[in-house]
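*Asks:* Here's the letter readout for the chains.
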Amino acid sequence: MNSNFSCKTCASADQKLETFISNLSVDTSHHRMEGQSVKCGFGLQGICCRLCSNGPCRITPDGPKGVCGATADTMVARNFLRAVSAGSGCYIHIVENTALMLKKTAASKGVLKGKVALAKLAEIFEINEADEHVCAEKIADMVLADLYKPDYIKMELVEKMAYKPRFDRWKELGILPGGAKSEVFSGVVKTSTNLNSDPVDMYLNCLKLGISTGLYGLTLTNLLNDVMLGEPSIRLAPVGLRVIDTDYINIMITGHQHSIFSYLQDRLIQDDVIEKAKAVGAKGFKLVGCTCVGQDLQLRGEHYKEVFNGHAGNNFTSEAILATGAIDAVLSEFNCTLPGIEPICDELKIKQICLDDVSKKANAEMKPFVFEEKESQSNEIIDAVIESYQARRGVVTLNMDADHGNDDTLTGVSEGSLKSFLGGTWKPLIDLIVKGEIKGIAGVVGCSSLTAGGHDVLTINLVKELIAKDILVLSAGCSSGGLENVGLMSPSAASLAGPKLRAVCESLGIPPVLNFGPCLAIGRLELVATELAEAIGVDLPQLPLVLSAPQWLEEQALADGAFGLALGLPLHLGLPPFVTGSPVAVQVFTQDMLNLTGGQLIIDDNAKSAAETLDAIIEKKRKELNI
Amino acid sequence: MKRIIIDREKCDGCLNCNIACISAHEEGSNFYTVNMQSPEAETRNFIKFDAQKGYLPIFCRHCDEPECVLSCMSGALEKDPLTGHVQYDESKCAACYMCVMNCPYGVLKPDKQTRTKVIKCDFCEDKPDGPSCVKACPKKAIEVKEVSL
Ligand code: SF4
Ligand code: SF4
Ligand code: SF4
Ligand code: SF4
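Same order as they appear, the protein sequences are chains A and B. Note that this note's numbering numbers the first sequence so that position 208 is 190, with each residue one more than the last. Convert by adding 34 to the 1-based position in the second sequence; the result is the number in this note's numbering.
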């Protein structure tokens, strides 16, 4: 087999996965890290510009400005705003598709599984409508109308969705967003060649994009999906490579747009389809979760017990999942669908189908999802997957790891399910915080990366440090995929928490790290934070609550981060977001932001000292609240 | 004895060796934090561009018969007989710049800020992993090799 690659793989916090990957005969990201270990210093600092043919220009002692006169501060700000705009565009694409899906589902009188979410949205949007389909369509229309506004017309739902003190502050700062799609456009225009050169203006623009990304791309995507697909409910579920059952025809899903799969996933468990599977020697079909769409399915797993076998792992586990040989097809609709899966799919004869051209893979079949044709499209997909199964099973060697992962990851945690778990009110949680049984809350969110020590290394070490300090961790994003596979979301992980948090967890039977699922659920954390702040009667920056995206990976994460800063929360990152070459950027993010929104960026790739810093911030906020 | 050996053809002119060298001489800095705009930021290696030949990495060769040492009258430049590296002692330097004029590779220069001392490659002697520039070169255009005299 192919052996033309580095044999040294990078470290993973997940020891079993590290061993599994290091023994593979296919090339993965974990193998490629070594060949990319020498990094460009200008790139790391954000002081390289290639916006025109006089460039690329870099800031050096002999060249302190670009040819056009751009300073390091201008270059860094332009690069950063471009990245945040692109990241925002990604999430806005997701919410646009989700709203369109809800609109069409409602218009065709389709099933709406989430009655509570529907009622909640109707209340927030002030829609008085008894017919659930009419109501859902109105909700979708209001979201779409906002997304499609020009940038000079403010979106109307921001005021309805945002916490009042935050909305007022944003208004004062002049960062209320216009139409979310247009805002992405403006961000890109502003950063083109010889346009904006004012770093502060560009960072304020980032905050504006953070607000539209957060409220629409994150929070609303969750709620709209809840209406269609059902609300999360708390339960224990299996995770890791063990969830793959070789007796079934297995489809790995990657992306962020759960609703694209909803018709197919119901179809896969209908009798005639199961019969088709049986006819070729399988017991039926199973979906295997990977990346955020897998986390999303896991979150709502209560509604999909039969078809969904569990979440196998995060973005940088996807190559390993395919390398088991037991996956017969990959259906992708968004990131994080690594280009690295393509040669593995070729080698292991795995069929790839893309349902959204934004994530078209070079060797995949393109089948753009069309709502009106979902029945015929699903049948075609099913037939193609069966064909793949027949062509490869028995030919391709299986390489399973039944020992990887665990069977008791607590999942299904959301703003709604957590509140119900607490008895329909946040009071028990607030009481525990006031008494100091829970010192504070850390939202550990975002991606998984192979930097900062290796795959999930900083994330897991940081979380261990935080829980040991009696800080409750809420997780959303690919970080969850890593945390659950190493057992930190199993109730037994309570033993790793500090004495007080441990006692709370043991009495409630919960782990010290609560699994909110996909990165989209950062929007759910915002809802939890807002509801807690409302219940206590303070603004968000006053809460003993911190955010960390220890292993942020990509542009979307930077847009999420901008949302966190707009919310006024302290935000820790393991590695700097390519801004340290600009003194103005460092000043704005680490100091001035405190006065602007109350937020603050903390950069630290050391788990121990980062946890100490976050702990000190929580202690300080507790003192200020007199608790 | 160890030397930095240059493979000119491989150089892409990325200047990572410059950053590494500046960072090696800014106490406590790394690639994220090194201040490229500081007046003290000086690189001890250079990349020149020639339309015909492409990129030319210019590094101190720690020559066998170093012209800089031979031309230095105050004893500020000396060749270490053990390591073979040519080292510079600022305290002895008279700032006459005979070395700057005599280095056949043109790698020496007076410091920008005060023009009272010479900026010279020290082979990163205080760095446990050896020359920082070599570690930072993504093309392996510069490599540390053992050479015999
Ligand atoms: S826009 Fe300015 S800094 Fe950027 S490449 Fe062109 S001249 Fe250089
Ligand atoms: S400074 Fe010039 S002459 Fe002196 S050792 Fe280095 S390359 Fe040779
Ligand atoms: S060996 Fe050290 S001092 Fe010499 S050029 Fe390389 S980085 Fe600079
Ligand atoms: S780091 Fe290597 S490739 Fe880059 S400029 Fe220096 S010698 Fe050339």
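The set of hints was computed from the structure by calculation and includes no laboratory data. Keep in mind that a hint or two might mislead.
[Claimed, not checked] Label-pair ranges, simulated between beta-carbon atoms:
hint : chain 1 : residue 1 : chain 2 : residue 2 : range
1    : B       : E74       : A       : T175      : 29 to 37 Å
2    : A       : T175      : B       : T148      : 36 to 44 Å
3    : B       : D163      : A       : C50       : 51 to 59 Å
4    : B       : A85       : A       : K590      : 36 to 44 Å
5    : A       : C50       : B       : K82       : 52 to 60 Å
[Claimed, not checked] Where chain A lies over chain B, by a calculated footprint (3+ residues, C-beta under 8 Å):
hint : segment
6    : 35 to 45
7    : 88 to 102
Ideal Cβ placement from N, Cα and C applies to all residues, glycine included.
*Asks:* Taking the beta carbons of A/T175 and B/T148, is their distance inside 36 to 44 Å?
*Replies:* With a Cβ separation near 38 Å, A/T175 and B/T148 satisfy 36 to 44 Å, so the hint holds.
*Asks:* Mind checking the hinted window 52 to 60 Å against the Cβ distance between A/C50 and B/K82?
*Replies:* violated (24 Å)
*Asks:* Counting residues of the segment 35 to 45 of chain B whose CB is closer than 8 Å to a CB in chain A, do you get three or more?
*Replies:* Our answer is that it is violated, as 0 residues pass the Cβ test (under 8 Å) against chain A, missing three.
*Asks:* Does 29 to 37 Å hold as the CB distance between B/E74 and A/T175, or does it fail?
*Replies:* holds (32 Å)
*Asks:* Just to be sure I understand the hint, the distance between the Cβ atoms of B/D163 and A/C50 should be within 51 to 59 Å; is that true here?
*Replies:* Given range 51 to 59 Å: violated, Cβ gap about 38 Å.
*Asks:* Is 36 to 44 Å right for how far apart the beta carbons of B/A85 and A/K590 are?
*Replies:* Violated - the Cβ-Cβ distance for B/A85 and A/K590, about 52 Å, lies outside 36 to 44 Å.
*Asks:* Checking C-beta pairs, does the segment 88 to 102 of chain B have three or more residues closer than 8 Å to chain A?
*Replies:* With 0 residues in contact (Cβ-Cβ under 8 Å with chain A), the coverage given for the segment 88 to 102 of chain B is violated.
Consistency with the previously given hints fails for numbers 3, 4, 5, 6 and 7, ordered from lowest to highest.
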